[in-house]
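K.L.:
Chains A and B, in that order, give the protein sequences.
Residue 156 in our numbering sits at position 156 of the first sequence; the count goes up by one each step and never skips.
Residue 47 in our numbering sits at position 47 of the second sequence; the count goes up by one each step and never skips.
Each hint should be verified, as a subset may be incorrect.
As the list claims (entries may be wrong) - Computed beta-carbon distance windows for the label pairs:
1) B/E80 / A/R23: 33 to 43 Å
2) A/P144 / B/A18: 18 to 28 Å
3) B/Q158 / A/Y77: 32 to 42 Å
Claimed, not checked - Derived pair list, reagent style DSSO-like, types lysine-lysine, alpha-carbon separation capped at 27 Å:
4) B/K17 / A/K17
5) B/K145 / B/K168
6) A/K25 / B/K17
7) B/K145 / A/K17
What the hints assert, rightly or not - One side of the interface only, derived from the structure: several residues of chain B facing chain A at Cβ under 7 Å:
8) I15
9) G70
10) L71
11) A99
12) L156
13) Q158
14) W162
15) Y166
Calculated directly from the structure, the hints in this document are not laboratory data.
Each residue gets a CB set at the ideal place from its N, CA and C atoms; glycine is no exception.
Protein chains: 2
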Amino acid sequence: MKNDAISFMTYSFAIDKAMRAARLKQTPVCFWFTGLSGAGKSTIANAFEQALWHRGLQTCIVDADAVRQGLNADLGYGREARSENVRRIGHVARLMVDAGLIVIACSISPYSQDRQMVRSLFNEGEFVEVFVSTSLQTCAARDPKGLYARARQGHLRQLSGWDDPYEKPAAADIELRTEHVSVDEAVLQLMAAYDALHDEQV
Amino acid sequence: MKNDAISFMTYSFAIDKAMRAARLKQTPVCFWFTGLSGAGKSTIANAFEQALWHRGLQTCIVDADAVRQGLNADLGYGREARSENVRRIGHVARLMVDAGLIVIACSISPYSQDRQMVRSLFNEGEFVEVFVSTSLQTCAARDPKGLYARARQGHLRQLSGWDDPYEKPAAADIELRTEHVSVDEAVLQLMAAYDALHDEQV
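All chains should be modelled from the sequences, with the hints used to inform the complete structure.
P.N.:
Below, the structure written as structure tokens:
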């Protein structure tokens with residue numbers, strides 16, 4: 001920019017999502033995992049990411065619990081705060097898909113309207129809603145974070161599915177009934193969905 | 001998770017930043033561009049990204065103007081909103097560095113305190129503050145978005161450096177004086193800084 005002579009000659013193109021996808025040899029997409037606490041979202045997300053990794057693909061997990069330690073540390077658990085939590089995670093996932101990555105977002109995301117808003121951020125074929133479907137009874141029995149125990153003892157409020165709403169997806173792209181399928185089976189189902197996306201675009 | 005028999009045997013490791021970096025053969029880092037509107041942040045960011053691309057590296061630009069259309073669409077231009085704008089961009093950049101990418105964040109980020117907060121999100125050697133240093137006079141003459149014209153006519157308020165503060169970095173890692181160096185020279189300087197990071201870690 002010396003003398004304002006910006007060298008447009010040298011830098012005449014922008015690197016877009018298609019270029020990134022082509023170089024990485026993958027289809028950028030967001031797998032959005034919704035389900036109760038304890039449903040198995042993180043467990044399956046980690047297994048799926050490892051399976052993708054073994055195929056040489058570039059991935060990223062955006063986990064709501066982790067994001068609440070940083071980007072969303074200012075948010076509580078009321079209706080509006082939950083929507084804002086989901087909205088921000090959606091935008092982060094969108095930016096990562098634009099960067100060419102296969103994104104696995106894990107968020108209880110209890111409200112249908114919020115999940116629909118997130119879907120609207122993506123192009124057709126770039127968003128896969130995954131309902132990690134596990135009964136409240138089983139989630140409360142697994143209780144990996146001790147949340148249901150705390151809720152039972154009256155020390156925790158606004159737990160989705162317990163004393164706060166969880167609106168089940170009416171038409172998720174994938175439903176993983178974790179009381180009936182293993183992690184391995186869930187990963188195979190997700191991988192098939194990923195491969196189907198790719199086939200559609202070819 | 002059939003019968004709660006989670007297959008920890010198969011999926012026993014997590015994919016971390018070091019593994020991603022090794023596979024991508026690059027050093028994940030955030031280059032944080034601060035400077036007035038019209039200073040040349042986006043121009044240099046795009047040129048730098050293209051130079052990195054030609055070296056086969058995986059990059060991502062997080063541009064405050066673009067983010068204000070999405071993640072930060074709810075924020076205004078007052079003191080607190082600007083800080084929140086910068087805080088969120090910082091966390092997004094951090095997540096992308098964790099995903100293994102070389103991130104170029106462009107944000108006026110007028111307040112030193114906010115920039116220091118962002119730096120604190122990163123490990124040592126993962127954050128490079130780049131002051132895109134251009135006089136207000138030159139920025140107002142370039143005026144690529146017509147903001148200074150609107151401010152002059154009284155149609156725009158809270159323009160950093162005009163009628164709102166811009167606190168110059170006291171000790172940026174890199175200062176690019178765009179009235180004295182070309183885009184090409186700026187890119188060379190940034191690339192040398194990137195290579196130095198790598199050398200330090202090897």
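K.L.:
Quick check: which numbered hints come out false for this structure?
P.N.:
Checked against the structure, the hints that fail are numbers 12, 13, 14, 15, while the rest are satisfied.
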